[in-house]
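Using the sequences provided together with the hints, build the complete structure.
2 protein chains.
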Amino acid sequence: MRIGLDVGGTKTDAVALAADDSVLARVRRPSGWGPDATVRGILGAVAELTADPRAAGRAVASVGIGVPGQVDGRGARVVHAVNLGIERLDLAERIEGALGVPVRVENDVKAAAAGAWRLHGGEGTLAYVNVGTGIAAALVVDGAVWRGSRGAAGEVGHVSVDPAGPPCACGQRGCIEALAGGASVAARWGTAATHPVRAVFDAADAGDERARALRRDVAAGIAAAVRILVLTTDADTVVLGGGLTALGPRLTDDVVAALHDSAAGSAFLRSVAVAERLRVLPAGSPAAAVGAALVGAEEEVLSRG
Amino acid sequence: MRIGLDVGGTKTDAVALAADDSVLARVRRPSGWGPDATVRGILGAVAELTADPRAAGRAVASVGIGVPGQVDGRGARVVHAVNLGIERLDLAERIEGALGVPVRVENDVKAAAAGAWRLHGGEGTLAYVNVGTGIAAALVVDGAVWRGSRGAAGEVGHVSVDPAGPPCACGQRGCIEALAGGASVAARWGTAATHPVRAVFDAADAGDERARALRRDVAAGIAAAVRILVLTTDADTVVLGGGLTALGPRLTDDVVAALHDSAAGSAFLRSVAVAERLRVLPAGSPAAAVGAALVGAEEEVLSRG
Numbered sequence: 001m002r003i004g005l006d007v008g009g010t011k012t013d014a015v016a017l018a019a020d021d022s023v024l025a026r027v028r029r030p031s032g033w034g035p036d037a038t039v040r041g042i043l044g045a046v047a048e049l050t051a052d053p054r055a056a057g058r059a060v061a062s063v064g065i066g067v068p069g070q071v072d073g074r075g076a077r078v079v080h081a082v083n084l085g086i087e088r089l090d091l092a093e094r095i096e097g098a099l100g101v102p103v104r105v106e107n108d109v110k111a112a113a114a115g116a117w118r119l120h121g122g123e124g125t126l127a128y129v130n131v132g133t134g135i136a137a138a139l140v141v142d143g144a145v146w147r148g149s150r151g152a153a154g155e156v157g158h159v160s161v162d163p164a165g166p167p168c169a170c171g172q173r174g175c176i177e178a179l180a181g182g183a184s185v186a187a188r189w190g191t192a193a194t195h196p197v198r199a200v201f202d203a204a205d206a207g208d209e210r211a212r213a214l215r216r217d218v219a220a221g222i223a224a225a226v227r228i229l230v231l232t233t234d235a236d237t238v239v240l241g242g243g244l245t246a247l248g249p250r251l252t253d254d255v256v257a258a259l260h261d262s263a264a265g266s267a268f269l270r271s272v273a274v275a276e277r278l279r280v281l282p283a284g285s286p287a288a289a290v291g292a293a294l295v296g297a298e299e300e301v302l303s304r305g
Numbered sequence: 306m307r308i309g310l311d312v313g314g315t316k317t318d319a320v321a322l323a324a325d326d327s328v329l330a331r332v333r334r335p336s337g338w339g340p341d342a343t344v345r346g347i348l349g350a351v352a353e354l355t356a357d358p359r360a361a362g363r364a365v366a367s368v369g370i371g372v373p374g375q376v377d378g379r380g381a382r383v384v385h386a387v388n389l390g391i392e393r394l395d396l397a398e399r400i401e402g403a404l405g406v407p408v409r410v411e412n413d414v415k416a417a418a419a420g421a422w423r424l425h426g427g428e429g430t431l432a433y434v435n436v437g438t439g440i441a442a443a444l445v446v447d448g449a450v451w452r453g454s455r456g457a458a459g460e461v462g463h464v465s466v467d468p469a470g471p472p473c474a475c476g477q478r479g480c481i482e483a484l485a486g487g488a489s490v491a492a493r494w495g496t497a498a499t500h501p502v503r504a505v506f507d508a509a510d511a512g513d514e515r516a517r518a519l520r521r522d523v524a525a526g527i528a529a530a531v532r533i534l535v536l537t538t539d540a541d542t543v544v545l546g547g548g549l550t551a552l553g554p555r556l557t558d559d560v561v562a563a564l565h566d567s568a569a570g571s572a573f574l575r576s577v578a579v580a581e582r583l584r585v586l587p588a589g590s591p592a593a594a595v596g597a598a599l600v601g602a603e604e605e606v607l608s609r610g
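Residue numbers (the numbering used here), protein chains in the order written: chain S, 1 to 305; chain D, 306 to 610.
Hints were generated in silico from the structure; no laboratory data involved. Treat the hints with caution; some may be incorrect.
Heads up, incomplete: computed chain S residues facing chain D, CB under 10 Å, no partners named [claimed, not checked]:
#, residue
1, Leu-229
2, Thr-233
3, Ala-273
4, Ala-275
Covered, in the sense of this in silico footprint (three residues per stretch, anywhere, with C-beta under 8 Å from a C-beta of chain D), are these stretches of chain S [unchecked claim]:
#, segment
5, 145-155
6, 161-167
Computed from a predicted model, the values in this text were never measured in an experiment. Where is the CB? At the ideal position from N, CA and C, for every residue including glycine.
Structural data, given as structure tokens:
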């Protein structure tokens, strides 16, 4: 059975997949900090999965690990995983050494994209947008994650859509991430709230004008990311995932409305039907861990060709 | 041998490829207007190629046809090819019926992307930007053209990068195409010159302030398209092609300078190294026709896969 883990800064989500890609068993546990604790956490999660009755008797065929950082092109090493306290780690080798099965590491947004593709019918081309602290994207075609030169996710968050927009931490102005990323919203709202974007949405609902403006920016920024991905790639489906989707329809209805607004004056944009392609991962979706499992088994996929 | 044609509004470029993808023979002829003349033109070009001494004795294995329009997902029908005077044509069937070999039709920008990929080493992921009357893009991974839902090229030209920018024919403001597309530049400059962008560049060189502003917009718009493709897809290589590249270094130096300028205040953008990934097709490149030939043979590629 294929195992996949999504190792986040706070928690690790791990799944064991059946042959039809359904989830046999699932484990969630806090993530460790730093290289050694991360490795221990991964091995611990795998042990829990293999001990699960529903996985009884099945051998581990492969392990895929999604991480919030850059991964070298061959899926072996993670670098700059700031949220894990890891600057550089030959993670595949450490896990392979312990388990004796093929291991592949992937950027977490890319892994989530692979999972989203599978969970949304497993056909055609898909763009995945992760909206959380930052905003990043990944592309999938025929189940294969599109890989570029940096081993990181697509940085659609750093596309500037307004030269007069708010300053971004990256040095530009009007970046999608400056408008809609959780960290940026928190900084602009000036709060230390645990869920800053929720706090802004609540204040907006209560009539605060500054919060209402920030809320509009969040919807406009995410809508811009979705629109840019559709215009650039013509992907059949665009899936939204990540921490901000916990806001549910409060966020996604706003995003759809922003997409329709932007198309109001453009028959061309309406014909592109951006909003119609949009899907949202449900809260608690195992997409990221499922995708990691699929990536981990890529050697198999390629040979099945 | 595989045959590929790039059927443009003005001229048709046709090549016959050897097994190693080099060009055995090449024919250029004016394009016909309307469905019947287009079919006749294609068959005429194929006849000329097969009559070429360098193609002697080789049977036609497949034909790929790049067209400036939308192509249905199965490569059979072209629709909305305004520049060819074709609203709808079952082109693959017409050519297959005449030649008795497999035929596949593709959007011309996508075909050019496939050719550019092959001509630039045939590895990794590539984004292709066509700068001409309009601005469009296509993606290639492992030789396969990324296909989305509309059967058209990626409409990166209709990404808005400035809500206060010039109005675009599509109804939005500040679109990349409004800044840098040939038709938009011609309309803004107010000229009926045959090569409006060249006229603007010449006037800018001569010191005309309005021309200098338009010239800056052209460079900024193309730079934005390149930057957005890199940020969104992290493609290993970005290749620039299309009519405006006939301007040579006058254009491409400006684009590279605009890319460096935009990265001046952003260590992040510098790390993404956008300009370093940029290549330009040389004048007279057969990329579009070569790409069409590769697309035409896709059945073979998939079975070799």
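Cross-check of the supplied hints:
The closest approach between the C-beta of S:Leu-229 and any C-beta of chain D is roughly 6 Å, which is under the 10 Å cut-off, so the hint is satisfied. With its C-beta approaching chain D no nearer than about 6 Å, S:Thr-233 sits inside the 10 Å limit, and its interface hint holds. The beta carbon of S:Ala-273 is positioned within 10 Å of a beta carbon in chain D (closest approach about 8 Å), and the interface hint is therefore held. With a cut of 10 Å, the hint placing S:Ala-275 at the interface with chain D is violated, because the nearest CB-to-CB distance is about 13 Å.
For the segment 145-155 of chain S, the proposed coverage by chain D is satisfied: 9 residues have a C-beta within less than 8 Å of a C-beta in that chain, meeting the threshold of three. Three residues within the 8 Å Cβ limit are the bar, and the segment 161-167 of chain S against chain D gives 4, so the coverage statement holds.
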